[in-house]
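Protein chains: 2
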Amino acid sequence: MNPLAVDLNKIIEATSPATYALLSAKGKRLFFPTKGIVGQSAMAKAKADVRYNATVGIGVKDGAAIGFPSLRKYFDASLSNDEVFNYSNSFGNAALRKAWKERLRELNPLLKDKLFSLPLVSSGLTHALYMTAELFFDAGDSIVLPDQIWGNYRLMFNTLGAAKINSYPFFDGSQFNLTGFKSALQKESEKQQTVRTILNFPNNPTGYSPTEAEATAIIEILVNIANQGTRVLVLLDEAYFGLFLESNVYSHSLFSQLADAHENIVAVKICGATKEFFAWGFRVGFLTFATKPGTDAFYNALEHKAAGNLRGSISNCSTSAQNILLRALSTKEYQADFALNYKLFQSRFEEVKRVLAEYDYSDMFTPYPFNSGYFMLVKLASHLNAETIRTYLLDHYKIGVISTSPSDLRIAFSSLEQEHIEHVFTSLYQACKTHS
Amino acid sequence: MNPLAVDLNKIIEATSPATYALLSAKGKRLFFPTKGIVGQSAMAKAKADVRYNATVGIGVKDGAAIGFPSLRKYFDASLSNDEVFNYSNSFGNAALRKAWKERLRELNPLLKDKLFSLPLVSSGLTHALYMTAELFFDAGDSIVLPDQIWGNYRLMFNTLGAAKINSYPFFDGSQFNLTGFKSALQKESEKQQTVRTILNFPNNPTGYSPTEAEATAIIEILVNIANQGTRVLVLLDEAYFGLFLESNVYSHSLFSQLADAHENIVAVKICGATKEFFAWGFRVGFLTFATKPGTDAFYNALEHKAAGNLRGSISNCSTSAQNILLRALSTKEYQADFALNYKLFQSRFEEVKRVLAEYDYSDMFTPYPFNSGYFMLVKLASHLNAETIRTYLLDHYKIGVISTSPSDLRIAFSSLEQEHIEHVFTSLYQACKTHS
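For the protein sequence lines, the chains are A and B, in the order given.
According to the numbering used here, the first sequence holds residues 1 to 436 in order.
According to the numbering used here, the second sequence holds residues 1 to 436 in order.
No lab work stands behind these hints: they were computed from the structure.
Don't take each hint at face value.
The list treats identical chains as interchangeable, and a pair is accepted whether it falls inside one copy or across any two copies.
Under the rule of at most 25 Å between Cα atoms (straight-line distance), these lysine to any residue pairs were calculated in the SDA-like manner [as the list claims (entries may be wrong)]: (1) K28 / S142; (2) K35 / S407; (3) K112 / V223; (4) K332 / S251; (5) K379 / S362; (6) K182 / E263; (7) K61 / N341; (8) K35 / K164; (9) K332 / D82; (10) K61 / K353.
Small disclaimer: the values here were computed from a predicted structure and weren't measured.
Take these sequences, add in the hints, and give me the full structure.
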């Protein structure tokens, strides 16, 4: 094992035995090559005369990165060539990482005085999830997931990571299934001394987020498992954070409570610009760690492991995307943009609710509870098949929806103008009727 | 195993047993979830009325992706919101993939009538290399590499991939070490029925590319190994392709000969915009496969496996970067930009040669052969330590260079204006003198 990895492991094990116990074999091997090209280049960037810096493999002219005019012309003149063309740090743009951390504190007042890592920039949220899988999952490890999940989890954890998925039913009537969640964790806990789970709120595909009371109960369940001596890894996939569309929804990140909930709980927050800034094609996500005994040195060690993984798999993330996001964050201009589109989503959400209240579709489909995010999900009556209805809707009504299981159809109201929502639901009902 | 993976494996095994034999366990498990969200969304994109497409998790208004003005203003008005903000296909932008394939044929006339895969878009070249590692390397597999390599190979293949690195000396005097390459492959071939290697030309860190004669000999060596029944995976890391600075250098891709060289040879070309378009921060690379018995269905199957890996680890690549690159490719405007900067690099290269010819540094350091790319490498006299000289140069001369081994220093002449090159070498010599 590389001596740098050994050093990082020592810090991690001494500070948080739970984190160390949860690391995969690869996670233990990982380190950031601080003495390699990237580390040496960083030293040169700080110390060398810009005219004499022959470390990095880019083309430099007049002290800045060269930019082809044929590419450069698509970016605003206020961005420098370095902000568009140069490489970014493997950990992410330092100012952006700080700005995102401040934003996490602003949105989650409970984090105000808590210690947690400096967010690492990932190439989108999938990548942040995947890096977590690389750090914390060996082949054969289990992950506790609800039955309502983003399909890509299967590809990521099962196909790529060779982990086993243990499912529990997401809903218990109209509520988050606390009992199911608890017993799935409990079963895992009894089999082994580690438990790994993802909490994805607002949930994809249902668009459900917990209420205040459910959020409190979720934390309690996790703390109880941790009290048994079990090490608990909690991935918080908060891609749709902020899009809370009902007033009774818990509107903060569970990370803010889990960050210092228990020495056996390791929380990993996955969030980013993709959905929160409507910047889907930017590919900018963030990966943030917290555990009760965490110290600056400990977080630094974990960040080095994650950045080592990033360096060895994609090197670094889009420079222009990071700089443009940083500018929008710095000026706070994005807040008005978000507010406007939040309002837009809310009007679509309200329209979906109005249509569902006005018409009785219950002989053909029933909506699952939804209160946040981009989506809602309907459960078809038992005589109907979701894939059949999906393709029929597409062929006969030119309506696109997603079948997420043999019984469920996901509708992204984020993509539907308010005036077309009723038509989509009416047509869905007609399509179901045709197959009845 | 997922039935989709089974189907892909059947096609691959039936068409090219060598490729199938080289696949890792993960490579065998991989598939692209054509029936999942991404596949269903693609169907809807083709068939649905844009007003009724509720498949994809983005925000849509007036038939296009919503874009925050606070982000949008950094992009030229000629780009649509969809070209900046929308998600890209996991395989990459279809038009860009075709354009890159055409470009490969233009630059390599030997490829004209040969079959090879449609290049898959990766998030930079590291990512294309890493995806290849995921597809074709199990823990414990060996990779044959020269002693002069980009340090990130170690992190990627050894730390992340748990593969063993078998080294051979890159140079034999002033030439590529054909004998060393051959005997390293031969040893592997005798141990097992598979051999995996990377050919990185122009080489990082030396800036060396083979001559015509060496290129021919390299192909011969690989074909001879393949003739023994050994399955040979050849990764062609051609990040610096096109920057050939001496006239006797083989100026085409070895891929064009390896593509149909032998049924036991599987060639993987890794190239992209990063160095070729001076677009380091864009994160756009390409991954292209070829083997003699390859068919369209076979390449399609391999592309699906690679795209499945991409989908499960980063989902997709930067949309604006792909679209901007596509525009530059379509108008061919980039060619004048490249020509201008090629000339610039050549003038710096010539200046390095002039300085090395004019002064006798041989008691302190000797340049390794170099004829292409961004770099050159010097070997220090045996009484000197590269790390000591590097830090001394930085502290006392504000000059930044990279120590790649205890004896070698890499100098990126790509980053040095012509007028400063002599100063850098003179100072390096002085620094060495000080330590003698």
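- Message: Cα distance capped at 25 Å. Does K61 pair with N341 within a copy, between copies, both, or neither?
- Response: between (42 Å within a copy, 10 Å between copies)
- Query: Is it within, between, both or neither when you check K182 against E263 at 25 Å Cα-Cα?
  - Reply: within (19 Å within a copy, 55 Å between copies)
- Message: At most 25 Å between alpha carbons: which applies to K35 and K164, within, between, both or neither?
- Response: between (37 Å within a copy, 21 Å between copies)
- Task: Give the relationship of K61 and K353 under a CA distance limit of 25 Å: within one copy only, between copies only, both, or neither.
- Result: For K61 and K353, the Cα distance is within 25 Å only across copies (20 Å; inside one copy 58 Å).
- When no copy is specified for K28 and S142, does a C-alpha distance of 25 Å or less occur within a copy, between copies, both, or neither? both (18 Å within a copy, 21 Å between copies)
- State whether the alpha carbon distance between K332 and D82 is at most 25 Å within one copy, between copies, both, or neither. Answer is both: 23 Å inside a copy and 24 Å across each meet the 25 Å cutoff.
- Within, between, both or neither, where K379 and S362 count as close if Cα-Cα is 25 Å or less: Result: close within a single copy only, 10 Å intra versus 78 Å inter.
- Message: Regarding K112 and V223, is the shortest C-alpha distance of 25 Å or less found within a copy, between copies, in both, or in neither?
- Response: Within. Shortest intra-copy distance 21 Å satisfies the 25 Å Cα cut-off; inter-copy 64 Å does not.
- Task: Go through the copies and call it for K332 and S251: within, between, both or neither, with a Cα cutoff of 25 Å.
- Result: within (20 Å within a copy, 50 Å between copies)
- Taking 25 Å as the upper bound on the Cα-Cα distance, should K35 and S407 be classified as within, between, both, or neither? between (54 Å within a copy, 15 Å between copies)
Hint compliance for this structure: no hint is broken.
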